[in-house]
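Student: Generate coordinates for the entire structure from the input sequences, incorporating the hints supplied.
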Amino acid sequence: MPELPEVETTRRGILPLIQGKRVERIITRVASLRLPLDGPRLNRLRGAKLVDIDRRAKYLLFRFSAGWLLVHLGMSGSLRFYSRYHPPAAHDHVDIRFSDGSCLRLRDPRRFGLVLFLEDDPMGHALLIRCGPEPFSEEFSGLYLYRLSRGRRLQVHSFLLDQRIVAGLGNIYVNEALFVSGIDPQRRAGSISRKRYDTLVQAVRDVLGRALDAGGTTLRDFRDGVGKPGYFSLRLQVYGRGGEPCPRCLAILREGRVHMRSIFYCRRCQK
DNA sequence: CCCAAGACCTGGCGGC
DNA sequence: TGCCGCCAGGTCTTGG
Numbered sequence: 001m002p003e004l005p006e007v008e009t010t011r012r013g014i015l016p017l018i019q020g021k022r023v024e025r026i027i028t029r030v031a032s033l034r035l036p037l038d039g040p041r042l043n044r045l046r047g048a049k050l051v052d053i054d055r056r057a058k059y060l061l062f063r064f065s066a067g068w069l070l071v072h073l074g075m076s077g078s079l080r081f082y083s084r085y086h087p088p089a090a091h092d093h094v095d096i097r098f099s100d101g102s103c104l105r106l107r108d109p110r111r112f113g114l115v116l117f118l119e120d121d122p123m124g125h126a127l128l129i130r131c132g133p134e135p136f137s138e139e140f141s142g143l144y145l146y147r148l149s150r151g152r153r154l155q156v157h158s159f160l161l162d163q164r165i166v167a168g169l170g171n172i173y174v175n176e177a178l179f180v181s182g183i184d185p186q187r188r189a190g191s192i193s194r195k196r197y198d199t200l201v202q203a204v205r206d207v208l209g210r211a212l213d214a215g216g217t218t219l220r221d222f223r224d225g226v227g228k229p230g231y232f233s234l235r236l237q238v239y240g241r242g243g244e245p246c247p248r249c250l251a252i253l254r255e256g257r258v259h260m261r262s263i264f265y266c267r268r269c270q271k
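Be aware that the first sequence starts at 1, since it is given in the working numbering, and climbs by one per residue.
There may be inaccurate statements among the hints.
[Stated by the list, open to error] Label pairs and their in silico Cβ distance ranges:
| hint | residue 1 | residue 2 | range |
| --- | --- | --- | --- |
| 1 | Ile252 | Ala90 | 51 to 57 Å |
| 2 | Ile129 | Val51 | 21 to 27 Å |
| 3 | Gln19 | Arg84 | 31 to 37 Å |
| 4 | Pro87 | Lys271 | 52 to 58 Å |
| 5 | Leu15 | Tyr85 | 20 to 26 Å |
The hints are simulated quantities; they were obtained by calculation from the structure and are not laboratory data.
Keep in mind it's a predicted model, so treat the numbers as computed, not measured.
Just so it is clear, CB atoms sit at the ideal spot from N, CA and C, and this is done for glycine as well.
Tutor: What follows is the structure in structure tokens.
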């Protein structure tokens, strides 16, 4: 899915295209995604003006004059802006139609996404309140990871994928950050030193920052607000590259599984 | 609380 | 060509 860089790329792309527009109506074409799509409830936004779009973790928070729309792109979701009517294709599940005839459309083949209308500030919503710190916040530090990991026996790969620990990472960027910091994804989180967690935090920020600069990573589905793919795929060092030479030492990159997720790593560079 | 496994859903790909 | 099993960027729930 869309991990933090893809969600943020989407936010930046669509905000200037739709800020200030008024909702004409919201159209849903399936009964539910990850949660039921409540058409009548969503249409309480009729006539409301879009004030701003924020992001928290992998969620987009659309702030309207009459409430909020909370959107998650799941595994395969993307949002695309159309300046005038465009016939919906398969998997185009939700349209936010604006009074000037333009439309923001959610396409999500696997339907793991989510669209909710909220009357109150979504920051207090159960889905967001349990998310850990943003990777670029001060709170997210080597000391923070070190403290939270003491006594924990799960692999560091799973630890970093847990949104309660840090928000916004997914399988691609976890694999990349562990490679950049030289940490074996199978290591027990509780066995990693404070110093190595400092390195890991830098690696997470470095990888996410570079992915943002490239407009995110497109493996198959992801597109930004105007349909453009993300180019960080070309810069991935280990994700999806099992069997290829390590970009640092040329040993063959390994592929494995941790908790039903694929991991990619170099046995020589990552300990 | 901690951890592992499976559930949700559709499409694409490799293998036979 | 056609079918089958497996895999996929996420997250929630269940059960030990």
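Student: Each hint should be assessed against the structure and marked as holding or not.
Tutor: How the hints compare with the structure:
Separation of Ile252 from Ala90 is about 40 Å and departs from the stated range, judged on CB atoms against 51 to 57 Å. The given range of 21 to 27 Å is respected by Ile129 and Val51, whose C-beta atoms sit roughly 22 Å from each other. Distance hint check for Gln19 and Arg84: the Cβ-Cβ separation is about 18 Å, which falls outside the suggested range of 31 to 37 Å. In this structure the supplied range 52 to 58 Å holds for Pro87 paired with Lys271, their Cβ-Cβ distance being about 54 Å.
Between Leu15 and Tyr85 the beta carbon distance is about 22 Å. The supplied range of 20 to 26 Å therefore holds.
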